[in-house]
Every structure is written in C-alpha cells, then in structure tokens.
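Number of protein chains: 2
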Amino acid sequence: MRTMNLLVTLDENYLPPLYVLLQSVFVNNPQTAFDVYMIYDSIREERVAALSDFCAAHGGRLYPIEAREDFFRDAPVTSRLPRAMYYRLLARYLLPGSLDRILYLDPDIVVINPLDRLYDADLDGFLFAGAAHTDITGVTERVNQLRLQYERPGYVNTGVLLLNLDLQRKELQKEDIFAYIDEHKHELILPDQDVLNGLYGKRVLLLDDSLYNYAAHRYETYRIASGGVKTLDWVMQNTVIIHFCGKKKPWIKSSRGRYGILYQHYAAMVRRQAPDRRNS
Amino acid sequence: MRTMNLLVTLDENYLPPLYVLLQSVFVNNPQTAFDVYMIYDSIREERVAALSDFCAAHGGRLYPIEAREDFFRDAPVTSRLPRAMYYRLLARYLLPGSLDRILYLDPDIVVINPLDRLYDADLDGFLFAGAAHTDITGVTERVNQLRLQYERPGYVNTGVLLLNLDLQRKELQKEDIFAYIDEHKHELILPDQDVLNGLYGKRVLLLDDSLYNYAAHRYETYRIASGGVKTLDWVMQNTVIIHFCGKKKPWIKSSRGRYGILYQHYAAMVRRQAPDRRNS
Numbered sequence: 228m229r230t231m232n233l234l235v236t237l238d239e240n241y242l243p244p245l246y247v248l249l250q251s252v253f254v255n256n257p258q259t260a261f262d263v264y265m266i267y268d269s270i271r272e273e274r275v276a277a278l279s280d281f282c283a284a285h286g287g288r289l290y291p292i293e294a295r296e297d298f299f300r301d302a303p304v305t306s307r308l309p310r311a312m313y314y315r316l317l318a319r320y321l322l323p324g325s326l327d328r329i330l331y332l333d334p335d336i337v338v339i340n341p342l343d344r345l346y347d348a349d350l351d352g353f354l355f356a357g358a359a360h361t362d363i364t365g366v367t368e369r370v371n372q373l374r375l376q377y378e379r380p381g382y383v384n385t386g387v388l389l390l391n392l393d394l395q396r397k398e399l400q401k402e403d404i405f406a407y408i409d410e411h412k413h414e415l416i417l418p419d420q421d422v423l424n425g426l427y428g429k430r431v432l433l434l435d436d437s438l439y440n441y442a443a444h445r446y447e448t449y450r451i452a453s454g455g456v457k458t459l460d461w462v463m464q465n466t467v468i469i470h471f472c473g474k475k476k477p478w479i480k481s482s483r484g485r486y487g488i489l490y491q492h493y494a495a496m497v498r499r500q501a502p503d504r505r506n507s
Numbered sequence: 228m229r230t231m232n233l234l235v236t237l238d239e240n241y242l243p244p245l246y247v248l249l250q251s252v253f254v255n256n257p258q259t260a261f262d263v264y265m266i267y268d269s270i271r272e273e274r275v276a277a278l279s280d281f282c283a284a285h286g287g288r289l290y291p292i293e294a295r296e297d298f299f300r301d302a303p304v305t306s307r308l309p310r311a312m313y314y315r316l317l318a319r320y321l322l323p324g325s326l327d328r329i330l331y332l333d334p335d336i337v338v339i340n341p342l343d344r345l346y347d348a349d350l351d352g353f354l355f356a357g358a359a360h361t362d363i364t365g366v367t368e369r370v371n372q373l374r375l376q377y378e379r380p381g382y383v384n385t386g387v388l389l390l391n392l393d394l395q396r397k398e399l400q401k402e403d404i405f406a407y408i409d410e411h412k413h414e415l416i417l418p419d420q421d422v423l424n425g426l427y428g429k430r431v432l433l434l435d436d437s438l439y440n441y442a443a444h445r446y447e448t449y450r451i452a453s454g455g456v457k458t459l460d461w462v463m464q465n466t467v468i469i470h471f472c473g474k475k476k477p478w479i480k481s482s483r484g485r486y487g488i489l490y491q492h493y494a495a496m497v498r499r500q501a502p503d504r505r506n507s
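Residue numbers (my numbering), protein chains in the order written: chain A, 228 to 507; chain B, 228 to 507.
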C-alpha cells in the first residue's frame, strides 16, 4: 500500500464539504493510505478530533496544523486579503521538512478516479503543478493577461495544486510573496490565484484541467472544445477531480448541476457514518 | 462485521452489469460481508473464477451454482418461458438448506445506501418481500389486475425480492409453479412477475419502491406522487436501490437518464480494477 500526502486549508465553515471530499478520495483510492495535513484556524478541538477519527476509519491519518498568527506578522492582511489565502502558498513553511511533495485540494471538490498519475507527475524544475480552466472564447484569459501582465498562456486555478516542497524550500520565499502582494494589492481580485500566476506562473507545470481540475459547471465547454469526445462517459472514466468552482455549490439545493448527484451521493455516505453530523 | 446473503441469477450477457451492481453493494455496505450466490448457466469457468476473485477482493464470497437441466425436467419451457425465469422463484430448491433468507437483485441495479433495513425486514408469514412501482395514473395497474385476476393492490416487480427461505421450504412448491404456468401460459407477458403476483401476490410483504426498488426513469412520478418531497437529494439520502428497469439501460450510451451517471461511476470503479474487463 502506497502513501500520499494531501493538504487542505480551511476554517470551520468548510468542514462539511471537506468530509465529502475525503470520502470520495478514500472510496476511489482504495490502494492508498493518505496522510492528510490540515492547516486551519478557528476550528473547535472536538471537530478536529472527529475528523481525525474519520480519517483513521478509512486507513488515513490526520495531521492538524494550526496556523499561528505570529507567522503572518509581516504579511499584508486586510478583509480582502485574509490570512487563509496564504496557507497554500506558504505551506512549505508550515509542513514538516520531511515531505517531498503534497497535493493541495480545495474542499469544493470530489475525486472520482485514482490520484496516482497526478501525484506522480514529473515536477522536475517546477514549484507547482496546476491547471488552467478550458475556455472556448478566451475572453477571461485575455482580461487576466492584461491585468497581471504575465506572459504564459493559461491562468492557473489554485483549487488543485501539487506542491514540489523540496524545490519550494530552496526557491519559494515568503518575503517575495509578501512584497508582490504589497505591490499589487489594489489589482488583486482572487489573491492567491493572482499571486501564483503573477509571481510563479512560469514555474507551474500545466496539467490538463479536464482530467485534474474539471470545472463542474462547464460540461458543454469541455464537450465542444474536445470535438464531442469528452462526454459524461468520458468524464466518468477519465476525469480524476471534479471542482465545483464558481458560485454554484453542490451543497446548495438550487445549484446542483449535472455532477451534483455525485456530490450528494458522497455526502450521503459521510452522513450515514455519523448521523448527527451535518454534511450538506 | 455482519453477513448478508445475496442472490443473483444470470447468464454471461449480464456479467458486466453484475460487476457494477456488486461494486455498488460493496462500497455502500462497508460493514457487511456478502455471501453471493449465483445461479447461472452458460458462463465460462474462467469468468466465474474472475468474479469470485472480485468478490474476495472486497471481503465477499461467491458461491456459483450451475442450474442443472434435469431439475427443470417438468417445467414448461419455451422461447417465451426460458429456464432462467424459474431461478429466483425456485431458488429455495437450489440454495443450501442452511440459509434462512436471501436478497435477490436484478443485475440492472445500483445500490446507493446500506441494505440492512431491507435485509432485516420482518418476514413473519410472508414468502417474499418486494415492491410495486409507484404509478400515478394507475392504468398499468388496472390492466394487470384484469389480466391476472388478482385482488391485492400493487403488481410486484421481481427485480428486488427478499426470499423467506425458511418458510418457502414449507410452503412454496415447484409443482404449484409449474401448474400455474401451464394453466396461464397464453396470458403470461412477464413470466416470473406474473407468476409471483398471480400465485403468491398475497404472500408478498409490500415494500416502499421509492426506497427499495426505485425505477430510475420515473423521477417525476416519485417527485409528484410525494408532493415534491422525493427530490434528487431525498433519493441520494434515502433510496437504497435504484433499478434501471424498462428498456433504457444505463450501459447503452443514448439512454443514460438522470441516474446514469451513478451507474457510469461504479462501472469506472470496476473497470480500473481490471482494465482488460469490459463493463459498460
């Protein structure tokens, strides 16, 4: 049995979808033991303990890491730039030095196929691996290029990031990140994404989003952009990560969409393991 | 860990969906070990062995029971009344005498919640438990009542049947079944269902089909008949068995329907366990 490192960063509001994410990871990766590192703040101790039990029941281990305020002493923090936005960018400072790589996942994700190929991506020379969302019109892309003046194609979505911790320890410095944010703080719309793309865009290995960061509400985009190949069947057989990005969250009744049924199915699996826990 | 007996009866054509059914059973009943009894004919030995390995990999056991032709010597068999139609009705003759009950499932089913409450149904005095499909108009129902002249409400679908083997050994006789078929052979449309309803209709404990035999293509029927309660969320949380009955099978591309995505997801789980096996 192999082991993989997973990183999640969140506050208490995102605990319910985190359970659903982890359930989907466990069911679809039965040959893997997961070490789940959670960088968090404002989560009650008994909630952390319950999550730890949940991971253990599925052969995994939870490593809770409370984000210490003093670490962010020098960080520009405002209401639009909350502390939590730094966690995935600065994870290398907060995680044990023994980890070589870790897969960060947003909690609004379900995993429907094994993670091995993603986790084993060749990161040689890259600080991160991530995916830009397929976009037929290219309008968003051009807007982001102008706004941030970066050169490479593809605005990387930070919902799924493989972190090359070995290399980051050498080449990713928190001072650079703080300085970049300070310089651009009036232009940053999606702070962590803008920083990743603006500062490290060229250091990101680009992944196929239809496999590793499939935007749940863009079924037609993927289908059309692939000339009809990426149908629902294709997605079920090939896509590893479905990301309910954007405003339509599958835990809100009116915005399920085509893939919401999968989210609901995994949410039901979680709920029946602890009927007193609310997970949708 | 508890044990449950499952019964499946099939020929080689239905092996691929059987894998999908079993995968969904295993994933959604992690606390249960399954003894899977398969009454079959015309399945190659290596296929049976592969299925046995699959069950073992999920903590289950396969008991293959080849249907012996001589047993059906006295049965009325024609092209419209194939031998296979008798398997679930006469299972009590073919199964070990030590089993007290067994749950029969059609292979065009996915199980999405635990089976315990169904399996533990109080069968006192009933030979079977099964469900009649919810029907708003009642037309099919009236037609079947006239055709078969039975009295109780609800034409039971035989896709999901809990068999009270203890009682069947005393009160279900193959001679009665053969005689009934012989007498009605010109009226029987769905032979096994017509026999169950015509001969044993009053001996069937009626189950809620929206929980235990949800007709996949009748989403609107359930929703409307429940005054809007039985939405997709309700189904994901409560329904145990989704039955792709009727002609629209989810392994046919053009007829997926609303729940086809679940079938495809479980089919993908099966496929990646044995990439050389075809399961959709």
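Note that these hints are calculated values from the structure, not bench results. Keep in mind that a hint or two might mislead.
Derived list of chain B stretches under chain A, where covered just means 3 residues or more per stretch with a C-beta under 8 angstroms from a C-beta of chain A [what the hints assert, rightly or not]:
(1) 345–354
(2) 460–467
Sample of chain A residues lacking proximity to chain B, with all beta carbon distances greater than 10 angstroms (derived) [as the list claims (entries may be wrong)]:
(3) Val304
(4) Asn340
(5) Asp347
(6) Gln400
(7) Asp460
(8) Gln464
(9) Lys480
(10) Arg483
(11) Ala494
(12) Ala495
(13) Arg498
Heads up, simulated SDA-like pairs for lysine to any residue below, C-alpha to C-alpha not over 25 angstroms straight-line [to be verified]:
(14) Lys480/A with Lys397/B
(15) Lys397/B with Asp460/B
(16) Lys476/A with Ile416/A
(17) Lys480/A with Thr448/B
(18) Lys401/B with Leu426/B
(19) Lys475/B with Thr458/B
(20) Lys480/A with Ser453/B
(21) Lys476/B with Asp460/A
(22) Lys475/B with Leu459/A
(23) Lys480/A with Lys474/B
(24) Lys480/A with Gly484/B
(25) Lys480/B with Ser306/B
(26) Lys480/B with Gly454/A
(27) Lys475/A with Arg450/B
(28) Lys480/A with Arg485/B
(29) Lys474/B with Leu459/A
(30) Lys476/A with Gly455/B
(31) Lys401/A with Leu433/A
(32) Lys475/A with Lys401/B
(33) Lys476/A with Val275/B
(34) Lys476/A with Asp460/B
(35) Lys475/A with Thr458/B
(36) Lys480/A with Gly455/B
(37) Lys476/B with Leu459/A
(38) Lys474/A with Tyr241/B
(39) Lys474/B with Gln464/A
The C-beta atom is built at its ideal place from N, Cα and C for all residues, glycine as well.
Hint by hint, where does the structure go against what was stated? Just the numbers, ascending. Numbers 1, 4, 7, 8, 9, 10, 11, 12, 13, 14, 15, 23, 25, 32, 33, 38, in rising order.
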